[in-house]
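The primary structure of each chain is shown beneath.
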Amino acid sequence: MGILTFTSDYGLSDHYVAAVKGAVYSQLPEARIVDVTHLVSPFDTKEAAYHIRQVFRYFPKGSVHLIGVNADHSDKAPHRLVAFEGHYFVGADNGVFSLILDREPDAVYDINLPYDNDILTFPVLHLLVKVACHLLRGGTPEVIGRKVEGIKRSEPVRPITDADSIRGHIIHVDAFGNLITDITQSLFREIGRGRAYTIRLRLEKHHIKELSTHYHDAEEGRTVALFNTGGLLEVAINGGAPGSGGGVASLLGLTKGDLVLVVFHD
Amino acid sequence: MGILTFTSDYGLSDHYVAAVKGAVYSQLPEARIVDVTHLVSPFDTKEAAYHIRQVFRYFPKGSVHLIGVNADHSDKAPHRLVAFEGHYFVGADNGVFSLILDREPDAVYDINLPYDNDILTFPVLHLLVKVACHLLRGGTPEVIGRKVEGIKRSEPVRPITDADSIRGHIIHVDAFGNLITDITQSLFREIGRGRAYTIRLRLEKHHIKELSTHYHDAEEGRTVALFNTGGLLEVAINGGAPGSGGGVASLLGLTKGDLVLVVFHD
Amino acid sequence: MGILTFTSDYGLSDHYVAAVKGAVYSQLPEARIVDVTHLVSPFDTKEAAYHIRQVFRYFPKGSVHLIGVNADHSDKAPHRLVAFEGHYFVGADNGVFSLILDREPDAVYDINLPYDNDILTFPVLHLLVKVACHLLRGGTPEVIGRKVEGIKRSEPVRPITDADSIRGHIIHVDAFGNLITDITQSLFREIGRGRAYTIRLRLEKHHIKELSTHYHDAEEGRTVALFNTGGLLEVAINGGAPGSGGGVASLLGLTKGDLVLVVFHD
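Chains as they are written, first to last, in the numbering used here: chain A, 6 to 271; chain B, 6 to 271; chain C, 6 to 271.
Extracted from the complex, chain A is given alone in its bound form:
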């Protein structure tokens, strides 16, 4: 049986996550549940998608990924079940699915089941848990809803490239203060064609001229750039910013959305 992963913006100080787990275990005693994170910034679909996109392939095929961020149903965001590479994603189709997947989904279904009760404010608890448990039990999607074509597109900002440069963005600052960018290793190779490069943060102020393979390739307290396990260009400080334990984000005053420029030299 697959794993149920659960991502939300419910926080950790309330009982909401536990309510969902209780409902899962009540329906499927042998379920295994893994929290991705419940500290997604409130209502931040993109942040939820980032985490799920980065993590889902570590779970076995047959896993169900429950998305508890902006999960309210509306005409613009119907409850859907999306199949992709042997994984299921369950939530409201507010664009989150398109941000998770890197190509077209294998199948999409409108969820067409009744709620458990007449309370419509917590669809994860009163509707989507039921869908997730059905799928984990090996049930077919067809029982749950009607197959539809396509998902709502939500276009993320993407790197802008020309023959000699990539203008990317910081898409996440992790708990270490590491900067994760939207510059993929494949894009870097495609545009770079093996040439030398300069990675510039804050436009002109900070330069990195060499990619590393370990965080500790730089001296402790020095900046290091590498492609992380998700294939994304990441800028970090080996061992954290000196004296603070913090990271490159606080040291350089950088935040989500800021530009990262890669210039290739002949």
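Be a bit skeptical, because a hint or two may be false.
Treat identical chains as interchangeable: a pair holds within one or across any two.
To be verified - Straight-line alpha carbon distances no greater than 25 Å define the calculated SDA-like cross-link-like pairs of lysine to any residue that follow: (1) K214 <-> L125; (2) K66 <-> I124; (3) K81 <-> L216; (4) K214 <-> G199; (5) K261 <-> A180; (6) K157 <-> E225; (7) K261 <-> F48; (8) K81 <-> R227; (9) K66 <-> G155; (10) K51 <-> S18; (11) K261 <-> A246; (12) K51 <-> S191; (13) K214 <-> S79; (14) K51 <-> H219; (15) K157 <-> H221; (16) K214 <-> D263; (17) K81 <-> N233; (18) K66 <-> D123; (19) K51 <-> G91; (20) K81 <-> V162; (21) K81 <-> N243; (22) K157 <-> E109; (23) K51 <-> L264.
In short, the hints are calculated from the structure, not lab data.
Given the coordinates of chain A, work out where chains B and C should sit on it, guided by the hints.
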């Protein structure tokens, strides 16, 4: 086998929660444990009770709810096991049980087992885990202690009503900044008798004249009132406070204990 | 099968912990995983060791303790597997093992397996998970690497004693603001030989002349000293600092590293 739920004020940065889980698995390898929350405000029995009261019914019958807030035994707060609607609650009877249950318990037992060792500062770990595992295994409460009558009463502040109004209170502010009140849907119906109403926050300043069924019934950034899945009147902002992601609590400067007034109009 | 415990400084807002759990379940579907804490201060090997040292014996023999703090491999910190009292500890040997164990390990192995891929920045995910799963399955350490002698020594600051006093240190401040010291009960007994004593915090300012067995031996809001379940001298405030819920640390302005003096009187 039921689930073991665990609620505490131990926080998430220490090993205390893990110690308890290790002790559970050592005694009962097949246990399933769900954290309700470990971020209860330190020593806040009422907050612990609020979460457990709201969540316990989502778990299957036979579940044991371990209460790790003010769990020290004393003459005024003996260790007890309370049976209610097929669920067990285990902790120190400092009033927490009466705040969790909405009617008399089915049975109450004084816990009468020895500690695992002579360390008396961590009874959850060295005594109550043993009780919980015994119950999860299907053991009878009689083995654990002596049946007693009644539990310690802790009277929460309750709404004050007259023929045309309910004067309730904010009993919790959740991680979204949503305001949860002690005004139940049944009380609202009983006093309201289908009449129009005005919900007033901060006494006169903020009015809501319509209950919603979804958070997004209001426009994004606007206040919405609804009865939540726990049957309690809740005031929220659809999508959080504009620009902050925060909620109605920070926007209106409201906090736990503040009044919420419902006035019914003929 | 033993439990996999997992300790890291990954925080709770990222997907890193979930990635590791997904990889574990993919290799070992029946694994049971317990988080010790993921809120270790970034790169703080000593803090990670403190938590693991305090908690590991609550888990059944055969458990594997995965250490995700400073887990990068280097010549000075090779990936190792350490066997001790029927438990396994897996991480980079940066001194953390010597801080966890209170005597020589039973066996030490250099981990000698290939990574899952050519990404070297996340060895917990791409290498150490494989080691942990092998051990949990009951596999022998010999398959994983070469037996070596000894581990890297990291000498913690220890109490300084003379015939009539112990000069210890605060080694941890927990989420309650309780002060945990490096003064063990056995050292206290050895030096104290049953004599009266004064425990001094902040050198001369605050005195405690009696050890307690419960937090509530002191009146609410008053300071209490006791030997905790880990056998360490701990100073707390019964019920937290008045009005704040905080603890003795904030009340007295004490922090990790500060001195605690015990003077014995004839």
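Going through the hints against the structure:
1. K214 <-> L125: For K214 and L125, the Cα distance is within 25 Å only across copies (20 Å; inside one copy 54 Å).
2. K66 <-> I124: between (33 Å within a copy, 22 Å between copies)
3. K81 <-> L216: between (43 Å within a copy, 22 Å between copies)
4. K214 <-> G199: Close inside one copy (13 Å), not across copies (65 Å); limit 25 Å.
5. K261 <-> A180: both (13 Å within a copy, 22 Å between copies)
6. K157 <-> E225: Between copies, since 20 Å is at most 25 Å while 45 Å is not.
7. K261 <-> F48: both (16 Å within a copy, 23 Å between copies)
8. K81 <-> R227: This pair counts as between: shortest inter-copy Cα distance 19 Å, intra-copy 47 Å.
9. K66 <-> G155: within (22 Å within a copy, 41 Å between copies)
10. K51 <-> S18: So K51 and S18 pass the 25 Å test inside a copy (23 Å) and across (14 Å) alike.
11. K261 <-> A246: Answer is both; intra-copy 18 Å and inter-copy 20 Å each pass.
12. K51 <-> S191: within (22 Å within a copy, 39 Å between copies)
13. K214 <-> S79: Between copies, since 23 Å is at most 25 Å while 48 Å is not.
14. K51 <-> H219: Close across copies (22 Å), not inside one copy (28 Å); limit 25 Å.
15. K157 <-> H221: between (42 Å within a copy, 19 Å between copies)
16. K214 <-> D263: within (19 Å within a copy, 43 Å between copies)
17. K81 <-> N233: between (35 Å within a copy, 23 Å between copies)
18. K66 <-> D123: between (34 Å within a copy, 23 Å between copies)
19. K51 <-> G91: Cα proximity of K51 and G91: one copy only (23 Å, versus 42 Å across).
20. K81 <-> V162: For K81 and V162, the Cα distance is within 25 Å only inside one copy (21 Å; across copies 42 Å).
21. K81 <-> N243: between (44 Å within a copy, 15 Å between copies)
22. K157 <-> E109: within (11 Å within a copy, 51 Å between copies)
23. K51 <-> L264: The answer is within: 18 Å in one copy meets 25 Å, while 36 Å across copies does not.
Comparing the model with each earlier hint shows no violations; every hint is respected.
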